[in-house]
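So the sequences go chain by chain: U and Z.
Position in the first sequence counted from 1, then plus 1210, gives you this note's numbering.
Position in the second sequence counted from 1, then plus 1210, gives you this note's numbering.
FYI, nobody ran anything at the bench for these hints, they're computed from the structure.
Just so you know, even glycine gets a beta-carbon here, dropped at the ideal spot from N, CA and C.
It is possible that some hints are incorrect.
DSS-like mimics (lysine-lysine), calculated; alpha carbons at most 27 Å apart, straight line [unchecked claim]: (1) Z:Lys1224 - U:Lys1344; (2) U:Lys1224 - Z:Lys1248; (3) Z:Lys1248 - U:Lys1347; (4) Z:Lys1347 - Z:Lys1359; (5) Z:Lys1248 - Z:Lys1224; (6) U:Lys1224 - U:Lys1306; (7) Z:Lys1347 - U:Lys1347.
Covered by chain Z, according to a simulated footprint, are these stretches of chain U (three or more residues, beta-carbon under 8 Å) [to be verified]: (8) 1247–1253; (9) 1294–1300; (10) 1312–1320; (11) 1325–1339; (12) 1352–1359.
Here are some chain Z residues pointing at chain U (derived, C-beta under 7 Å) [said to hold, decoys possible]: (13) Leu1232; (14) Ile1233; (15) Leu1234; (16) Val1246; (17) Cys1272; (18) Thr1281; (19) Asp1283; (20) Asp1285; (21) Val1311; (22) Gln1337; (23) Glu1343; (24) Lys1344; (25) Leu1346; (26) Leu1349; (27) Lys1359.
Number of protein chains: 2
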Amino acid sequence: MKREARKTREKDNKEEAAFIELILTADVLSRRLQQVLKTEELSMTQYNVLRILRGAPEGLACREVSNRMITRDPDVTRLLDRLENRGLISRSREEKDRRTVMARITPAGLATLERLDDVVQDAHRGQLGHLGEKRLKELGNLLTACREKVG
Amino acid sequence: MKREARKTREKDNKEEAAFIELILTADVLSRRLQQVLKTEELSMTQYNVLRILRGAPEGLACREVSNRMITRDPDVTRLLDRLENRGLISRSREEKDRRTVMARITPAGLATLERLDDVVQDAHRGQLGHLGEKRLKELGNLLTACREKVG
DNA sequence: TGACAATAGTCGTTGCAACGAGTATTGTTG
DNA sequence: CAACAATACTCGTTGCAACGACTATTGTCA
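Required output: the full structure, derived from the provided sequences and hints.
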């Protein structure tokens, strides 16, 4: 056991304690997913983008990719650069509105995702499956509530 | 509203859905804290280290700092380098075991933390306070349970 | 005790993240 | 319709993160 990160100012900060639990848990669970993704040399962000693009085979504008991302990335351009260099996505300037650049997933990108699908699901089930459907739903509700007051 | 990141493979992955909620929530809540910390030019990691060292005025070995951190950092040396350069911590080689280097928080480091204490607490309360004590505790329990099966 | 392992930290390198400034295209309005 | 704003992206720069390889010190055991 490690962590505690308070001890001083034991002012009974239930909100901070919950926050720390949240960050810690996210970190611990992410680590396993990162291990899995590493077999394909993908970061979580890159994986996330590929999944977004798989869900939109007709392509998406960079801006739209950014909007749908889980963790906001202020520089999608270079993120897409790297994926394009590896042949996992393709880009093309739009004719109607020549400001926008459409990104599409390539067959190679789809193949990469497919190699990961089962392993990723297994990893998630392995980590969270023991909670059961009811508690997972409860957790989901609480997390959603956490984001309520974000201004 | 953004995010969804699935749509394909609607295989009803309750575990993955919970995972995404978790990461998303952690990201959203972190952002506010990062804003607050930015007023003192600190990253969450640096802030975390300072709080750890405040809790151990006699000093801690680098290794021990690493162990207590919320998010694991594989290169504590340079993290401490930067804090030392800014005068927020000090380091000194231990005499008993000359392999270890003790890190201590300096008065300047303490002052920095003190300037942040209230603002940080306010930020947490502002974001999570509306949940109430009961639901916060429930959330804490669920998050702890999430980390149970980590292998 | 002398060789080898274990521990503790440092440093080189690569690549990604964050921030801001810059460019190109389209929309708006006096 | 000309000027200005808004949009959509690109790029330069800085600094941090991740991964390994490396050095120094101590511990162990034949």
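Handout entry: Structure versus earlier hints - violations, ascending order
Key = Checked against the structure, the hints that fail are numbers 3, 5, 6, 8, 9, 10, 16, 17, 19, 20, 21 and 24, while the rest are satisfied.
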